[in-house]
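**Q** Single-letter residue listing:
2 protein chains.
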Amino acid sequence: MINLGIIGTNWITEQFVKATDETKSFSLTHVYSRTEAKAESFIADLDKKNIQISTDLEAFFKEDFDTVYIASPNALHFEQAKLAIENGKNVIVEKPITSTIEEFTILDKLAHEKNVYLFEAARHIQEPIFKKIEEVVADHRADLSGATFSYMKYSSRYDDFKAGKTPNVFTTKFSGGALYDLGVYTIYDAVVLFGQPEKVCYDAEFLSSGIDGSGSLTLSYPTFDVNIIIGKTKNSYMSSEIYFGRDTLLLDNGGDINHLDWADDNKNITDVPTNKSENPMDSEAVEFARIMTEKDQPSYDKLLKYARIVNRVLEQARTSAGLVFEADEEN
Amino acid sequence: MINLGIIGTNWITEQFVKATDETKSFSLTHVYSRTEAKAESFIADLDKKNIQISTDLEAFFKEDFDTVYIASPNALHFEQAKLAIENGKNVIVEKPITSTIEEFTILDKLAHEKNVYLFEAARHIQEPIFKKIEEVVADHRADLSGATFSYMKYSSRYDDFKAGKTPNVFTTKFSGGALYDLGVYTIYDAVVLFGQPEKVCYDAEFLSSGIDGSGSLTLSYPTFDVNIIIGKTKNSYMSSEIYFGRDTLLLDNGGDINHLDWADDNKNITDVPTNKSENPMDSEAVEFARIMTEKDQPSYDKLLKYARIVNRVLEQARTSAGLVFEADEEN
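Chains as they are written, first to last, in our numbering: chain A, -2 to 328; chain B, -2 to 328.
One or more of the hints may lead you astray.
All copies of an identical chain are treated as equivalent in the list; a pair is satisfied when it fits inside any one copy or across any two copies.
[Stated by the list, open to error] Mimicking DMTMM-like on lysine to aspartate or glutamate, the simulated pairs with C-alpha atoms at most 20 Å apart in a straight line are:
1. K150 to D244
2. K21 to E291
3. K106 to E76
4. K159 to D244
5. K111 to D261
6. K15 to E284
7. K264 to D249
8. K264 to D244
9. K299 to E83
10. K150 to D261
11. K15 to E37
12. K170 to E284
13. K150 to D140
14. K111 to E326
15. K159 to D140
16. K264 to D253
17. K150 to D262
18. K15 to D253
19. K273 to E19
20. K264 to D156
21. K59 to D262
In case anyone wonders, no lab produced these hints; they're calculated from the structure.
Chain A extracted, bound-state conformation:
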């Protein structure tokens, strides 16, 4: 098993550590947190022993472990990942990996120079249900005529925001908003299934803090468009859809995909059998560990290419909508 260090002690880090336990892919050895008490409570909750705690990030990266998982606020990813790579660690960063394509390029180049792995934790594209979608698309590619992906969930932080607070995910300082959160899932859907779009246009509904509470994104491909609807200020229940002429593949959701249906020519709707693991992060943990253990360069290159395109599309979408992050000004 690969030794794992983690940054942050939130629910998503906990879910990732559980996934690595369930799949015996990584072994947690080091935790970084700003406060020792938080780290201790996190470790106790997970029923772990002999875990090294650091409250100093520089010191943390000098410790002896192989791979770090970073699930801090978006705007912190870049500096933390950069420091990790400089210290020879493999890096798994929650999506989106960076705030700008410039930052992405720097990390990509640095990881190559340092001969370490750089993964963007796009968990859903590793799940069996997504592999099934890829299969269906491959089987019907000749009829492919577009898609609609939607992922819109009312965030409890939005209540805080409306109450006058400034939760990270609703600020330009932390590269927040709908696009750089739920939007990443739907852009991965499009990029993995259809490749790099020719044109990107994002129509955003801005909040007073300058970020996008929700929005509608169009990705144009040579022969069809992909429409994407995302938001953190509304609850949506509509299906996502991939079109094949008269036939349609229905996904219950564009990000957290749990069920597939096939609607045929006569509008008969039938279930498409597939598997769904209990912990949605299991598959990515297994795949990242496998790639590193087997040194599977083609698979790694493919994931890195997806990440590069997705992060480019994210920035193109932002630019088209006039959505500016503080990270844009820093570089």
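Add chain B to chain A, keeping to what the hints say.
**A** Here is chain B on its own, set in the frame of chain A:
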């Protein structure tokens, strides 16, 4: 009952005549068709007697009837409606009433001068289920935070189009395409429920004939956006949605609305009871006849205002997408 003349002998005209029979709102007395045989067959199918047939449009409008229902290809609406009004007929025109806002303005002015009624047959906004939606929106207006309307049906004519034929609905000559067909329903949804949008942006997927096979339309209102997805080249099954913060009203469809659900804060989904008439054109037939019989000017003005805004939005959407009709060049 009001005497009715009809132009065209297609299925939609038949459905409208049946609606007028069922509701005893109009009495069919005159039929215009280019060929007498077609008119006779149409009348026989409806089991009608003593119907006057005209194969000359000028002569048809000289006949003695009160109101004409026009369901010809879009691009013919304007000249036919104009001629009807000039001959003192009340006019019910299938949506969209015209190809350009200029044409709409001419008809509007002329109808006013000639003291006749001009109706756009936006049937769905007259249905009980739509009145229920208006009620729900009124009850929750303080929380209103946007909507998504979709109406996307694969047209059998698209097969003809792909086989190299030129069906009217897929040509710029007849003002065809997704926007000026299914799109009209969804724009009516937005205009009736939320008023006139501040900004209109249409991203269209063009076919080789120059019309939009499908597209994504954003209508911007001061505090929220409405996203619209329409198409004649794909089959969609996603629900349409109106957002009220954490709550969501679900419509099974944005045009042919048959069912409503309410999704609450806890994501419990419950049926919203409502009525649906067998023939979706019953309600509009009753309402148009009532307005004329009772000379209900406020109701008439409201419908005409909706029609004006919808036709303006249609043209703004076309312009934003670069979608040009032959009707644009003729004026």
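**Q** Using 20 Å as the alpha-carbon threshold, which applies to K159 and D140: within, between, both, or neither?
**A** Only across copies: K159 and D140 sit 13 Å apart there, 45 Å inside one copy, limit 20 Å.
**Q** Is it within, between, both, or neither for K264 and D253, if the alpha carbons may be no more than 20 Å apart?
**A** between (25 Å within a copy, 15 Å between copies)
**Q** Between copies, within a copy, both or neither: which fits K273 and E19 at Cα up to 20 Å?
**A** The answer is within: 15 Å in one copy meets 20 Å, while 52 Å across copies does not.
**Q** Please work out whether the CA atoms of K15 and D253 approach to 20 Å or closer within one copy, between two copies, in both situations, or in neither?
**A** Intra 18 Å, inter 47 Å, cutoff 20 Å: intra-copy only.
**Q** Which holds for K15 with E284 at a C-alpha limit of 20 Å: within a copy, between copies, both or neither?
**A** Only inside one copy: K15 and E284 sit 15 Å apart there, 62 Å across copies, limit 20 Å.
**Q** As a check of your reading, is K111 near E326 (CA-CA no more than 20 Å) within one copy, between copies, both or neither?
**A** neither (27 Å within a copy, 63 Å between copies)
**Q** Reference check for the pair K150 and D244, CA-CA at most 20 Å: within, between, both, or neither?
**A** between (28 Å within a copy, 11 Å between copies)
**Q** With identical chains, the pair K59 and D262 could be close in the same copy or across copies; at 20 Å between alpha carbons, which is it: within, between, both, or neither?
**A** Neither: 60 Å inside a copy, 46 Å across copies.
**Q** Regarding K111 and D261, is the shortest C-alpha distance of 20 Å or less found within a copy, between copies, in both, or in neither?
**A** Intra 51 Å, inter 51 Å, cutoff 20 Å: neither.
**Q** Are the CA atoms of K15 and E37 at most 20 Å apart within a copy, between copies, both, or neither?
**A** within (16 Å within a copy, 75 Å between copies)
**Q** State whether the alpha carbon distance between K170 and E284 is at most 20 Å within one copy, between copies, both, or neither.
**A** Neither. Shortest intra-copy (32 Å) and inter-copy (55 Å) distances fail the 20 Å Cα cut-off.
**Q** Taking 20 Å as the upper bound on the Cα-Cα distance, should K264 and D249 be classified as within, between, both, or neither?
**A** Both: 17 Å inside a copy, 14 Å across copies.
In the structure shown, a violation is registered for the earlier hints numbered 5, 9, 12, 14, 21, in ascending order.
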